[in-house]
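Student: Just so you know, the protein sequences line up as chains B and H, in that order.
Position 261 (the first sequence) corresponds to 261 in this note's numbering; numbering is contiguous.
Counting from 1 along the second sequence, just add 1000 to a position and that's the residue number in this note's numbering.
Because the hints were derived from the structure by calculation, they are not lab data.
Among the hints, erroneous ones may be present.
[Stated by the list, open to error] Straight-line C-alpha distance at most 16 Å; calculated EDC-like pairs for lysine to aspartate or glutamate: (1) B/K260 x H/E1279; (2) B/K147 x B/E224; (3) B/K198 x H/E1327; (4) B/K612 x H/E1336; (5) B/K287 x H/D1021; (6) B/K260 x H/D1329; (7) B/K445 x H/E1336; (8) B/K287 x H/D1316.
[Unchecked claim] Here are a few chain B residues that face chain H, going by a calculated C-beta distance under 8 Å: (9) I188; (10) P233; (11) Y242; (12) A306; (13) V427; (14) K491; (15) V493.
Where is the CB? At the ideal position from N, CA and C, for every residue including glycine.
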Amino acid sequence: MKQDGNKGDGNANVEELDRVTIRFAGDSGDGMQLAGLQFTNTSAVFGNDVSTVPDFPAEIRAPAGSIPGVSAFQVSFSSYDIHTPGDEPDVLVVMNPAALKAHLADLPKGGILIVNSDEFTDINLRKALYQTNPLEDGSLAGWRVIKVPITSMNVRALADSGLNTKEVDRSKNFFALGLMFWLYERPIEPTTRWINEKFGKNPVVRDANIATLKAGYNFGDTAELFPVHYRVPRAQLSPGRYRNITGNEATALGFLAASKLSGLPLFYGSYPITPASDILQELARFKNFGVKTFQAEDEIAAIGSAIGAAFGGALGLTGTSGPGLALKSEALGLAVMVELPIVVAMIQRSGPSTGMPTKTDQADLLQSMFGRNGECPVAIVAPATPGECFTYAIEAFRIAVKHMTPTIFLSDGYLGTGAEPWLVPDVDDLPRIEASFATDPATFKPYLRDPNTLARPWAVPGTPGLEHRIGGLEKADITGNVSYDAENHNKMVHLRAEKVARIADDIPELQVFGQAQGELLVLTWGSTYGAALTAVQRAQSQGLSVSHAHLRHMNPFPRNLGEVIGRFEKVLIPELNLGQLSLLIRGMFAIDAATLNKVSGRPFFVSEIETKINTMVGSKVKV
Amino acid sequence: MTVEAVSENAIPLQRKDFVSDQEVRWCPGCGDYSILAQTQKLMPELGVPRENIVFISGIGCSSRLPYYMNTYGFHSIHGRAPTIATGLKVARPELKIFVVTGDGDGLSIGGNHLLHTMRRNVDITIVLFNNRIYGLTKGQYSPTSEFGKRTKSSPYGSIDYPLNPLSVALGAEATFVARSLDIDQHHLISTLERAAAHKGTSFVEVYQNCNVFNDGAYSEFADKAVRPDRILYLEDGQPLVFGKERDKGIRLAGFQPEVVDLGSGVKEADLLVHDSTREDPSLAFILTRMHWPQFPEPLGVFRQVERPSYETLLIDQVEETTKRLGEGDLQSLMLEGDTWTVEA
């Protein structure tokens, strides 16, 4: 962000900054994700606040050196609390011409461009569709270009390593990482520790990676290519123990926690799909927690198995992305009809159809709300940050089990693959999940409801005397027998809707950040939280009458939503779709909410929301 | 969760204990009545508490069966019963689970699930009622309808080649593959009993007559009078002999079975001897390809082999991992990897 920070501690060669955003870009075989993650963890352990976003190609191995094969990782680290991985990088590290071609447009003029000059050969330039060499034709004049022969320096550093040519080349990301560690005064120990753990069984590779990491660091120190290096002091974060966590990791941990908090075993049925597969892979590791994972033959089998597990009294969970939710629709309707507490972890990606699997969108809100036949309500929760994925995975099962309703946990690729420091909660402080099972044959009726929540009893096979039949045909009220009666159907449709609506009594009210009333309310949901909050903070610091409210319960909405909206003259709803939340808000509250829509497969920039706010709010807050 | 699996019934259960209070609504004369009766009759023989028995079905005439069983039941959606059964069995391995399906439900819309459930060898019993027609939707051709069959949706004759459910089951690595006939009560109940006793996926195709939309589909060999000459009952350890006079048999000529008359130089010792426990399914596959009128129609257990079931393997992994790593501690897991502390 700000490269014009205060001078440092008297050392003329150190400049202190409050925030820096770096993007590592290279061929997908260049190890950019690894370099980015190591830089992130190191910065987090060092004490900065961090926020990241990976950007990888859908093709696992696109042709080397081609533009579709470029993989990137952006990390923002700061001395204060940040909510986004930064709109634009301050520093762009490119490992080849294709990476330069793909990412230069995002680097503001004046930004630092670190180029692996060895790779700017005729053949690589052609692969990246360059007519002339940008390092020589003057086209990079607007940026602070630093040419580093990373490939050949790495080769030299590893000349006696015992690795073959290919293996040596694979280590060059560590050289680049070492250089960046020097440039931003990061310790190399967390990475050397990681290398020791990861490659302990292969000492040759281990030693080579450490050697080139150090070579990169020392090169920065001695080469005098950089007039200054930079320092980003520690951030003031809430006290406690932290780790870096991605949204999908937090999601898996949250579901595991839900199992512990409810005392019910977790069953996860899933079919691999980007960007939800991480959850399956994570949960499959947790065998010694009693978690049972099932890689199903397709999306339908995945949700079917979760329904079966829930019928048996387990926490039935399935996970997917947009195309998979479409396939699960009919079975989700069955879960609504039989009123079993399954959870669908739905990690959105760019659609329609296969769309852009590795890119993010928020365009499945309406699919989650309405994408089923019949009047078919489900509860929906949506985390705002990677760390919150933990909290809302627990919340999804709390709602599902207490209210006997299928519940969608609505995350997205940006949250799922993005990372941030997570203040690890104490397990003892987490909310319990109360689950109860019917056991008394004298009083049991399959569809006799709890008078408060309208939940039906959870009666599981194995319970003597409660033998009963459920299914997808309309149920008679109370008995659960098949019924085609008109009055009964009308009643049951209303009961199912009312049951979900009453969850509003069981969730927190919507909080407002800023003045409780005023000119403009920015209303958001899901992963737009960080960018919207930051934009509102900036507007507030300019004295504008702008507040922010963020929805985490999407169905039902918090009770006071209408009241909160009513306290503002205008409402702005920024979302990564063509206006799905705004359609709901306009429909429910009959207000003329303004929209800010972006559907590019990328998260909002703070500046985009900030600009929109500025066009809507003229007046300053009266002091 | 734990549910006390103790039945309150000290008195042995009888067939009537498994008859639900729901009115049976199949067409009068449907073969499903017989299958329901044999299924209810079998239940007390299983030695399983009633509350531990679950019937799961999809959509179609056959799939209404769970309503008529006084057990736990789940009438789900078209083709998906095996998926629900899999999740339930994995979550609750002590339950005895039956999947009831049909030729349309199991082999058309639910073909994928049937295939994968059998290959995984989930410990459930799948009973497929094959009437070679869509009955509930009133008479369209099904994946087992004969080529050229004229139905409401194929007025000029079906141009779909049918598939053979047992060949499919063998191709899917099913560990128990059998066939019976709706009106052959004794054979049906004994086949279902063997299927229920099998550990792993047991697949039973039941030839079932739809007297409204496909009447007489099997009558050429299923009618009582002609059965002895036109049905071959497979019995383990026995040569493949059939006929009222037990004077005909099946001999293998290379890879081709052939019908031979016993006595005219052919002895029983020359015949194929049935062995359902062969690990190699090739011979069983040959038997599944035999059909009337070229051959007698084989009924019985074609294949029955032992292989650890899916849920057992999964639970073994859970137990072994827990033994090796100790019971998981959530707090430690949450603190996995690099952590750091921010002081107050």
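Student: Each hint should be assessed against the structure and marked as holding or not.
Tutor: A quick look at each hint next to the structure:
1. B/K260 x H/E1279: violated (43 Å)
2. B/K147 x B/E224: With a Cα-Cα distance of about 12 Å, the restraint between B/K147 and B/E224 holds, given a limit of 16 Å.
3. B/K198 x H/E1327: violated (25 Å)
4. B/K612 x H/E1336: Roughly 41 Å between the alpha carbons, so the hint for B/K612 and H/E1336 is violated.
5. B/K287 x H/D1021: violated (42 Å)
6. B/K260 x H/D1329: Roughly 10 Å separates the two Cα atoms, so the pair holds.
7. B/K445 x H/E1336: The hint is violated at about 46 Å.
8. B/K287 x H/D1316: holds (10 Å)
9. I188: violated (14 Å)
10. P233: violated (13 Å)
11. Y242: holds (5 Å)
12. A306: Because about 6 Å separates B/A306 from the closest Cβ in chain H, which is inside the 8 Å limit, the hint holds.
13. V427: With a closest approach of 5 Å, the B/V427 hint holds.
14. K491: Violated, because the Cβ-Cβ distance from B/K491 to chain H comes to roughly 21 Å (cut-off 8 Å).
15. V493: At about 19 Å, which exceeds the 8 Å cut-off, the nearest Cβ of chain H leaves the hint on B/V493 violated.
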